[in-house]
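K.L.:
In the order they appear, the protein sequences are chains A and B.
Counting from 1, one number per residue, gives the positions in the first sequence under the working numbering.
Counting from 318, one number per residue, gives the positions in the second sequence under the working numbering.
One or more of the hints may lead you astray.
[Unchecked claim] With the C-beta cut set under 10 Å, the calculated list includes, among others, these residues of chain A facing chain B:
{"#": "1", "residue": "Ala-19"}
{"#": "2", "residue": "Leu-21"}
{"#": "3", "residue": "Leu-229"}
[What the hints assert, rightly or not] Quick list of in silico lysine-lysine cross-link-like pairs, DSS-like style, CA-CA up to 30 Å:
{"#": "4", "chain 1": "A", "residue 1": "Lys-203", "chain 2": "B", "residue 2": "Lys-613"}
{"#": "5", "chain 1": "A", "residue 1": "Lys-203", "chain 2": "A", "residue 2": "Lys-85"}
{"#": "6", "chain 1": "A", "residue 1": "Lys-85", "chain 2": "A", "residue 2": "Lys-181"}
{"#": "7", "chain 1": "A", "residue 1": "Lys-310", "chain 2": "A", "residue 2": "Lys-26"}
{"#": "8", "chain 1": "B", "residue 1": "Lys-613", "chain 2": "B", "residue 2": "Lys-477"}
{"#": "9", "chain 1": "B", "residue 1": "Lys-402", "chain 2": "A", "residue 2": "Lys-211"}
{"#": "10", "chain 1": "B", "residue 1": "Lys-448", "chain 2": "B", "residue 2": "Lys-613"}
{"#": "11", "chain 1": "B", "residue 1": "Lys-343", "chain 2": "B", "residue 2": "Lys-613"}
{"#": "12", "chain 1": "A", "residue 1": "Lys-85", "chain 2": "A", "residue 2": "Lys-160"}
{"#": "13", "chain 1": "A", "residue 1": "Lys-26", "chain 2": "B", "residue 2": "Lys-613"}
{"#": "14", "chain 1": "A", "residue 1": "Lys-160", "chain 2": "B", "residue 2": "Lys-498"}
{"#": "15", "chain 1": "B", "residue 1": "Lys-520", "chain 2": "A", "residue 2": "Lys-26"}
{"#": "16", "chain 1": "B", "residue 1": "Lys-528", "chain 2": "A", "residue 2": "Lys-26"}
{"#": "17", "chain 1": "A", "residue 1": "Lys-160", "chain 2": "B", "residue 2": "Lys-343"}
{"#": "18", "chain 1": "B", "residue 1": "Lys-448", "chain 2": "A", "residue 2": "Lys-296"}
{"#": "19", "chain 1": "B", "residue 1": "Lys-613", "chain 2": "B", "residue 2": "Lys-627"}
{"#": "20", "chain 1": "A", "residue 1": "Lys-203", "chain 2": "B", "residue 2": "Lys-477"}
{"#": "21", "chain 1": "A", "residue 1": "Lys-181", "chain 2": "B", "residue 2": "Lys-448"}
{"#": "22", "chain 1": "A", "residue 1": "Lys-160", "chain 2": "B", "residue 2": "Lys-477"}
{"#": "23", "chain 1": "B", "residue 1": "Lys-414", "chain 2": "B", "residue 2": "Lys-402"}
{"#": "24", "chain 1": "B", "residue 1": "Lys-528", "chain 2": "B", "residue 2": "Lys-343"}
{"#": "25", "chain 1": "A", "residue 1": "Lys-203", "chain 2": "A", "residue 2": "Lys-26"}
{"#": "26", "chain 1": "A", "residue 1": "Lys-97", "chain 2": "A", "residue 2": "Lys-85"}
{"#": "27", "chain 1": "B", "residue 1": "Lys-414", "chain 2": "A", "residue 2": "Lys-203"}
{"#": "28", "chain 1": "A", "residue 1": "Lys-181", "chain 2": "B", "residue 2": "Lys-343"}
{"#": "29", "chain 1": "A", "residue 1": "Lys-211", "chain 2": "A", "residue 2": "Lys-97"}
{"#": "30", "chain 1": "B", "residue 1": "Lys-498", "chain 2": "A", "residue 2": "Lys-181"}
{"#": "31", "chain 1": "B", "residue 1": "Lys-448", "chain 2": "B", "residue 2": "Lys-343"}
{"#": "32", "chain 1": "B", "residue 1": "Lys-343", "chain 2": "B", "residue 2": "Lys-477"}
{"#": "33", "chain 1": "B", "residue 1": "Lys-402", "chain 2": "B", "residue 2": "Lys-448"}
{"#": "34", "chain 1": "B", "residue 1": "Lys-498", "chain 2": "B", "residue 2": "Lys-448"}
{"#": "35", "chain 1": "A", "residue 1": "Lys-131", "chain 2": "A", "residue 2": "Lys-296"}
{"#": "36", "chain 1": "B", "residue 1": "Lys-414", "chain 2": "B", "residue 2": "Lys-528"}
{"#": "37", "chain 1": "B", "residue 1": "Lys-448", "chain 2": "A", "residue 2": "Lys-160"}
{"#": "38", "chain 1": "B", "residue 1": "Lys-343", "chain 2": "B", "residue 2": "Lys-520"}
Please keep in mind that the hints were generated in silico from the structure rather than gathered at the bench.
Every residue, glycine too, gets a C-beta built ideally from N, C-alpha and C.
There are 2 protein chains.
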Amino acid sequence: MSTAPDPLPSWNDGAAKAAILDFVRKTTDATNPDFVREEDRIATFDQDGTLWVEHPFYTQLAFALQRLADLAPQHPEWQTTEPYKSALAGDMAAFAKFTMDDLEELVAVTHAGMTTGGFETIVADWIEQAKHPRWDRPYTELIYQPMLEVMQYLRSSGYKVFIVTGGGQAFVRAYAERVYKSQPEEVIGSSLAAQFEYDSSGKAVLMRPPKLLLYNDSSGKPQDIYLFLGRPPRAAFGNSTGDQQMLEYTQSGSGARLMALVLHDDDQREYAYGPGSAQTDTKFGAFTQTLYDEAKARGWNVISMKDDWKRIFTFER
Amino acid sequence: MSTAPDPLPSWNDGAAKAAILDFVRKTTDATNPDFVREEDRIATFDQDGTLWVEHPFYTQLAFALQRLADLAPQHPEWQTTEPYKSALAGDMAAFAKFTMDDLEELVAVTHAGMTTGGFETIVADWIEQAKHPRWDRPYTELIYQPMLEVMQYLRSSGYKVFIVTGGGQAFVRAYAERVYKSQPEEVIGSSLAAQFEYDSSGKAVLMRPPKLLLYNDSSGKPQDIYLFLGRPPRAAFGNSTGDQQMLEYTQSGSGARLMALVLHDDDQREYAYGPGSAQTDTKFGAFTQTLYDEAKARGWNVISMKDDWKRIFTFER
Numbered sequence: 001m002s003t004a005p006d007p008l009p010s011w012n013d014g015a016a017k018a019a020i021l022d023f024v025r026k027t028t029d030a031t032n033p034d035f036v037r038e039e040d041r042i043a044t045f046d047q048d049g050t051l052w053v054e055h056p057f058y059t060q061l062a063f064a065l066q067r068l069a070d071l072a073p074q075h076p077e078w079q080t081t082e083p084y085k086s087a088l089a090g091d092m093a094a095f096a097k098f099t100m101d102d103l104e105e106l107v108a109v110t111h112a113g114m115t116t117g118g119f120e121t122i123v124a125d126w127i128e129q130a131k132h133p134r135w136d137r138p139y140t141e142l143i144y145q146p147m148l149e150v151m152q153y154l155r156s157s158g159y160k161v162f163i164v165t166g167g168g169q170a171f172v173r174a175y176a177e178r179v180y181k182s183q184p185e186e187v188i189g190s191s192l193a194a195q196f197e198y199d200s201s202g203k204a205v206l207m208r209p210p211k212l213l214l215y216n217d218s219s220g221k222p223q224d225i226y227l228f229l230g231r232p233p234r235a236a237f238g239n240s241t242g243d244q245q246m247l248e249y250t251q252s253g254s255g256a257r258l259m260a261l262v263l264h265d266d267d268q269r270e271y272a273y274g275p276g277s278a279q280t281d282t283k284f285g286a287f288t289q290t291l292y293d294e295a296k297a298r299g300w301n302v303i304s305m306k307d308d309w310k311r312i313f314t315f316e317r
Numbered sequence: 318m319s320t321a322p323d324p325l326p327s328w329n330d331g332a333a334k335a336a337i338l339d340f341v342r343k344t345t346d347a348t349n350p351d352f353v354r355e356e357d358r359i360a361t362f363d364q365d366g367t368l369w370v371e372h373p374f375y376t377q378l379a380f381a382l383q384r385l386a387d388l389a390p391q392h393p394e395w396q397t398t399e400p401y402k403s404a405l406a407g408d409m410a411a412f413a414k415f416t417m418d419d420l421e422e423l424v425a426v427t428h429a430g431m432t433t434g435g436f437e438t439i440v441a442d443w444i445e446q447a448k449h450p451r452w453d454r455p456y457t458e459l460i461y462q463p464m465l466e467v468m469q470y471l472r473s474s475g476y477k478v479f480i481v482t483g484g485g486q487a488f489v490r491a492y493a494e495r496v497y498k499s500q501p502e503e504v505i506g507s508s509l510a511a512q513f514e515y516d517s518s519g520k521a522v523l524m525r526p527p528k529l530l531l532y533n534d535s536s537g538k539p540q541d542i543y544l545f546l547g548r549p550p551r552a553a554f555g556n557s558t559g560d561q562q563m564l565e566y567t568q569s570g571s572g573a574r575l576m577a578l579v580l581h582d583d584d585q586r587e588y589a590y591g592p593g594s595a596q597t598d599t600k601f602g603a604f605t606q607t608l609y610d611e612a613k614a615r616g617w618n619v620i621s622m623k624d625d626w627k628r629i630f631t632f633e634r
């Protein structure tokens with residue numbers, strides 16, 4: 001009888017927990033036909049809705065709106081010009097109708113124009129004091145404890161763990177070590193092109209021009225995983241149509257693979273917006289019925305927050 | 318008196334060897350003010366001319382010309398159309414005058430149009446049998462043994478080692494593990510955009526369209542190091558103007574940093590094409606007098622192949 005401590009103590013016993021334990025057991029046992037050598041043990045995690053709360057809005061959107069408000073005094077024309085006017089007014093109905101061009105314009109003015117180091121400081125300062133309206137706690141405390149346990153369990157089993165987010169790579173990197181124990185090179189995300197320049201003293205600096213280089217969502221995820229890592233991951237975790245292609249790419253590889261989707265079905269402890277709920281689709285990805293059907297057809301694991309998670313946040317006892 | 322074996326046995330005693338040993342010693346000694354925690358120990362190496370022979374032509378060019386010859390029977394029009402005609406004829410004088418558009422066209426037809434896995438097989442098959450005209454040995458044996466020792470020494474000292482090459486990322490990844498013990502995620506290079514698609518059975522595949530995403534040379538190197546790794550390396554090794562900005566970016570960080578350039582000054586055992594030699598400039602980067610002057614002014618280490626290296630290739634005894 002094993003006396004090893006449970007690596008996933010915040011998980012209820014069930015199919016999802018069993019699938020994770022079984023996958024790690026067989027891929028790390030050299031006598032198992034599904035053994036994977038350590039060099040190839042790669043796992044990828046979506047962030048928004050998979051590692052932390054994404055409702056009622058993405059954390060990075062809260063950041064962008066605050067940046068917009070901070071910059072507004074220098075731009076009086078924003079008060080009468082879209083998409084700035086609606087964004088500054090916090091008009092979420094108008095926001096939901098913004099085009100990709102509108103959003104890119106808002107990203108440009110709030111995320112570009114400074115050095116890479118300057119942006120890192122802006123994000124780190126903001127996220128230190130910003131709070132989620134429902135829990136009145138820092139966003140960085142609204143991380144799912146069960147998923148932190150999976151990340152830690154995979155790492156201690158020789159897996160390299162990467163965050164693969166539709167959010168901004170530089171944004172996430174600014175807090176990823178503190179929150180996820182992830183180094184900058186372990187965060188793959190949407191990216192502006194950096195631009196090499198010299199400052200007035202002749203020192204090399206990288207600027208952030210308003211030019212999107214990687215849009216790391218949907219098909220962008222497998223494309224960027226290939227760019228950064230060169231092959232499909234062995235395990236992938238997501239929660240929406242923005243992760244669908246990442247999971248399909250994961251499954252396209254041979255040997256043992258683990259695909260899992262977090263289903264938000266707990267409107268008491270968090271939110272419910274999956275299939276069957278009073279659904280709140282987002283512009284960027286949702287757990288649609290179509291995705292649910294694909295998950296079932298392809299043998300992906302669906303993680304029910306309500307049934308599979310004993311507790312959701314680290315601060316809960 | 319220390320009895321530890323010399324980690325750099327193929328190096329002669331001298332300033333370059335001493336600088337490498339000193340850098341590693343002080344950045345890994347927790348009592349030293351220049352100590353660097355293990356998470357931040359990152360070193361980057363250029364490939365062509367820094368890790369292996371780049372004369373009289375880049376290995377990848379030999380690959381491209383062979384691919385062109387293999388594909389030529391299906392393209393009779395190439396016999397009369399530039400840049401194909403000169404490239405197929407191996408006309409190096411014409412080749413030296415090709416524009417970037419010409420080169421991109423040649424890359425497109427020889428490096429694109431297949432799946433990512435298909436390209437990997439093509440490269441692996443080619444490099445297994447192709448030989449360098451001077452030594453009549455596989456290109457993968459023309460690796461500099463002293464640099465392999467530096468890579469190994471850094472790794473065993475807790476450094477993460479990355480290849481940062483102007484060459485094709487997918488090309489280098491096809492042999493990087495066998496030759497450099499580098500995993501795919503440890504190779505950053507010029508890249509085509511991958512394109513996510515489904516094959517006829519509905520399985521996810523990545524195709525290689527003829528579309529350049531990253532040109533990883535000169536300013537592209539620090540830009541892509543930031544994209545992949547999120548901060549400047551602690552140590553960087555190069556050999557040409559294509560590495561200048563990578564070294565400047567390395568030096569822009571605080572604390573101990575090691576910048577080094579390999580100088581090709583040994584026309585007996587390899588080639589001599591640095592400043593003061595009968596110089597053979599390449600289109601893509603050269604060790605110019607200007608770069609030499611910058612190295613001296615900024616305190617970069619210049620590694621003389623002739624004076625600093627006891628032996629050059631692993632097969633030499």
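K.L.:
Check each numbered hint from earlier against the structure, then list the numbers of those it violates in ascending order.
P.N.:
1, 2, 5, 6, 9, 10, 12, 13, 16, 18, 21, 24, 25, 27, 31, 35, 37, 38
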